[in-house]
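Given the structure of chain W, go ahead and fit chain D onto it with the hints provided.
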Amino acid sequence: MPAKDPNSPLAAGLLDIESLDRREIEAILDRARFFQPPPNETYRRLDCLRGKTIVNLFFEASTRTRVSFEIAAKRLGADTISIAAAGSSVSKGESLVDTLNTLVAMRPNAVVMRHAASGAPHFLARHLQIPIVNAGDGTHEHPTQGLLDALTILDRRKSLENLRVAIIGDIAHSRVARSDIHLLSKFGADIVLCGPPSLVPLELAELAPGVRISYDMKEAIRDVDVIMMLRVQLERQHEAPMAASEYFRFFGLQLEHLALAKPEVIVMHPGPINRGRELSSDVADSQRSAILNQVENGVAVRMAVLERILA
Amino acid sequence: MKSLLIQGGRVIDPASKFDAVADVLIRNGRIEAVGVGLKAEGVEVLDATGAIVAPGFIDMHVHLREPGIEHAETIESGSRAAAAGGFTSICCMPNTLPTNDSATVTSYIVQRAREVAAVNVFPIGAITKGSKGEELAAIGSMREAGIVAISDDGRPVMNARVMRRAMELARSLDIPVIDHCEDLNLSAGGDMNEGPESVRLGLRGIPSASEDVMVARDLLLAELTGASYHVAHLSTKRSMAMVTFAKSKGIRVSCEVTPHHFAITDQELCAYDSNYKMKPPLRRSDDVEAIIEGIVDGTVDAIATDHAPHPGDEKMQEFERCPFGITGLETAIGLSLSELVHTGRITVGRMVELFTTGPARVMRLNRGTLAPGAPGDVTVFDLTTEWTFDVRQSQSKSRNSPFSGRRFIGGQVATVVGGGIVWKRE
Numbered sequence: 000m001p002a003k004d005p006n007s008p009l010a011a012g013l014l015d016i017e018s019l020d021r022r023e024i025e026a027i028l029d030r031a032r033f034f035q036p037p038p039n040e041t042y043r044r045l046d047c048l049r050g051k052t053i054v055n056l057f058f059e060a061s062t063r064t065r066v067s068f069e070i071a072a073k074r075l076g077a078d079t080i081s082i083a084a085a086g087s088s089v090s091k092g093e094s095l096v097d098t099l100n101t102l103v104a105m106r107p108n109a110v111v112m113r114h115a116a117s118g119a120p121h122f123l124a125r126h127l128q129i130p131i132v133n134a135g136d137g138t139h140e141h142p143t144q145g146l147l148d149a150l151t152i153l154d155r156r157k158s159l160e161n162l163r164v165a166i167i168g169d170i171a172h173s174r175v176a177r178s179d180i181h182l183l184s185k186f187g188a189d190i191v192l193c194g195p196p197s198l199v200p201l202e203l204a205e206l207a208p209g210v211r212i213s214y215d216m217k218e219a220i221r222d223v224d225v226i227m228m229l230r231v232q233l234e235r236q237h238e239a240p241m242a243a244s245e246y247f248r249f250f251g252l253q254l255e256h257l258a259l260a261k262p263e264v265i266v267m268h269p270g271p272i273n274r275g276r277e278l279s280s281d282v283a284d285s286q287r288s289a290i291l292n293q294v295e296n297g298v299a300v301r302m303a304v305l306e307r308i309l310a
Numbered sequence: 000m001k002s003l004l005i006q007g008g009r010v011i012d013p014a015s016k017f018d019a020v021a022d023v024l025i026r027n028g029r030i031e032a033v034g035v036g037l038k039a040e041g042v043e044v045l046d047a048t049g050a051i052v053a054p055g056f057i058d059m060h061v062h063l064r065e066p067g068i069e070h071a072e073t074i075e076s077g078s079r080a081a082a083a084g085g086f087t088s089i090c091c092m093p094n095t096l097p098t099n100d101s102a103t104v105t106s107y108i109v110q111r112a113r114e115v116a117a118v119n120v121f122p123i124g125a126i127t128k129g130s131k132g133e134e135l136a137a138i139g140s141m142r143e144a145g146i147v148a149i150s151d152d153g154r155p156v157m158n159a160r161v162m163r164r165a166m167e168l169a170r171s172l173d174i175p176v177i178d179h180c181e182d183l184n185l186s187a188g189g190d191m192n193e194g195p196e197s198v199r200l201g202l203r204g205i206p207s208a209s210e211d212v213m214v215a216r217d218l219l220l221a222e223l224t225g226a227s228y229h230v231a232h233l234s235t236k237r238s239m240a241m242v243t244f245a246k247s248k249g250i251r252v253s254c255e256v257t258p259h260h261f262a263i264t265d266q267e268l269c270a271y272d273s274n275y276k277m278k279p280p281l282r283r284s285d286d287v288e289a290i291i292e293g294i295v296d297g298t299v300d301a302i303a304t305d306h307a308p309h310p311g312d313e314k315m316q317e318f319e320r321c322p323f324g325i326t327g328l329e330t331a332i333g334l335s336l337s338e339l340v341h342t343g344r345i346t347v348g349r350m351v352e353l354f355t356t357g358p359a360r361v362m363r364l365n366r367g368t369l370a371p372g373a374p375g376d377v378t379v380f381d382l383t384t385e386w387t388f389d390v391r392q393s394q395s396k397s398r399n400s401p402f403s404g405r406r407f408i409g410g411q412v413a414t415v416v417g418g419g420i421v422w423k424r425e
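Protein chains in written order, with numbering that gives the first Met the number 0: chain W, 0 to 310; chain D, 0 to 425.
Extracted from the complex, chain W is given alone in its bound form:
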């Protein structure tokens, strides 16, 4: 089993943004910018993780995150194995701890894990020595998404300092929102959360400094630098927060809304997008949309994270 270097904050893996300090986030983002390829070129290939094995363990469906972790690992020279829970012994009733112990017995160097239960990677980290990278846990955090969102903002803004950001949609069930909120708050952002009341509980205002709540979308996006739209997560909602026919009318992002924000406003979405449900097609495809840049930046950020954990 690889020994953990206690001096590196990421030696034990990356479980969430909340427990990272600002310096560590800046270090990851700096390194990610180094990995970003010039336009029309692909990622550079490095060998710093040659001989390392990374297991991608996805207990929940994922396309972009899983592929992007895999490409990131391969670009760094690591060997990767991707396991989808449906095809593994989990479907035969094996417990999570037993599954992980079985994998760890084969001596990989790190596990990248997505799981439907909040805190599943934290629980495992308490019982296993291997570094764990959280690729999304339930409705808690998705730390590499938070980092790639920050990198995407930095592509279009000089710094993360003092941004005004609106996050709109199902915040309660969003792991992306929690990671974004923690990260941007550490850089002093003003963050407005907006959505139907049962998806934006008032307690969210206590999540981090600089967070406030609005139930009026037009008010929320006034003069913001960034609008982050979230997917309406039908699979995580246990009862409808409002009539489905009203959702887009009150909380869907439409082209005319953009005039309320700052002129160079960045529109982001973690994907997969539901055109016509949380944002209109013309917004998704507009100049202001950074949605494809987010996907692109996923690889660079995950290269930086894997390198920091394993190199």
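Hints should not be assumed to be uniformly reliable.
[Stated by the list, open to error] Derived CB-CB ranges, DEER-like:
hint	chain 1	residue 1	chain 2	residue 2	range
1	D	Glu134	W	Ser94	34 to 40 Å
2	W	Gln128	D	Lys1	48 to 54 Å
3	W	Arg30	D	Thr342	49 to 55 Å
4	W	Ala60	D	Glu292	47 to 53 Å
5	W	Arg125	D	Glu288	27 to 33 Å
6	W	His126	D	Arg251	44 to 50 Å
[As the list claims (entries may be wrong)] These stretches of chain W come out as covered by chain D in the derived footprint (C-beta under 8 Å, 3 or more residues):
hint	segment
7	116-123
8	168-181
Just so you know, the hints here were simulated from the structure itself, not pulled from any lab data.
Glycine included, every Cβ here is placed at the ideal spot set by N, Cα and C.
For chain D alone, coordinates are given in the frame of chain W:
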């Protein structure tokens, strides 16, 4: 029938308002005398110098898991954990397999306890068949077989009409109706207290209101029926306020609180560690303060542990998949001393009441006193011994406690049941 002379301790017997250094003589299983310089030829002596000698402690809310779930706990192991925790009597909840909803199951528990239990065991019967909340269980026959109360603990009766009928029957049988107060629609899917912490951790919340609306409903039904109604593991400030109000209006209501609900808040729990997962969930600090105030002002009748053993493999899972409940028998006195007595909130005498006369009165047990003729059950504890709880040494079959490794000042020293020493600190 055993005899024992307990010498030199500070005897606290709230029932007779006695608090002085004295000896306690138990002969043939019953209290014979409390006094200074008692002598008894050929009787075993227990030296209690420097310790407190109290009537045997009663835990009116435990889960023994037998019959049916013996890999988690048995009547034997659970009663040994009780003895090791300083308890001489325990009342066991009916959520076994099968549910204790018939005289057959009640008789099995009574018989089994007679054979193997280290302490007195009093079964609590189900309110409804299978605790399904629909049809009343065989409450009268269970009463004859030995139940002391009825409860659908953990699966509260959601139908107010069924609860009303149960209360009417319980009143005629003179047994209390104990409710685990939780509106299952409001709490559905929740894993911890609803508030800033559940939002931060991305876990689904159990709102305080899910407890409060049931307490409110039950208090109205208790007034309607005249039944004795008892709130199990009360955990919120609003429920405490309602119970205080109902008591002032003469409604026959009592309540218990657990040590974990006055010892830890939802901000102090270890994230995603299932040893902090129970129902009701750990609440906010203003709830904890209200519970302690209820203990201080007399609203709270009893401290009960809700000892809920679960085997390790069930608790070693993703937080949301783990069952609710923690063990509590062996840490109850230590936590009560550290959180209530050493902090100066209550006297040690009041603490003794909460473990003796309080639960005895709620459950009509004719115990909890050192009066001559009473059962020879005694709990000896002290206020100064430093010890550390190590869950690996627990007498329970399960290990699901958040208090392992915790340092305590003062705790149980010896447990005496019917004049026999059933546990003694090494």
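Each hint, compared with the structure:
| no. | hint | result |
| --- | --- | --- |
| 1 | D:Glu134 <-> W:Ser94: 34 to 40 Å | holds (37 Å) |
| 2 | W:Gln128 <-> D:Lys1: 48 to 54 Å | holds (53 Å) |
| 3 | W:Arg30 <-> D:Thr342: 49 to 55 Å | holds (50 Å) |
| 4 | W:Ala60 <-> D:Glu292: 47 to 53 Å | holds (50 Å) |
| 5 | W:Arg125 <-> D:Glu288: 27 to 33 Å | holds (31 Å) |
| 6 | W:His126 <-> D:Arg251: 44 to 50 Å | holds (48 Å) |
| 7 | 116-123 | holds (count 6) |
| 8 | 168-181 | holds (count 3) |
When each numbered hint is compared with the structure, no violation occurs for any of them.
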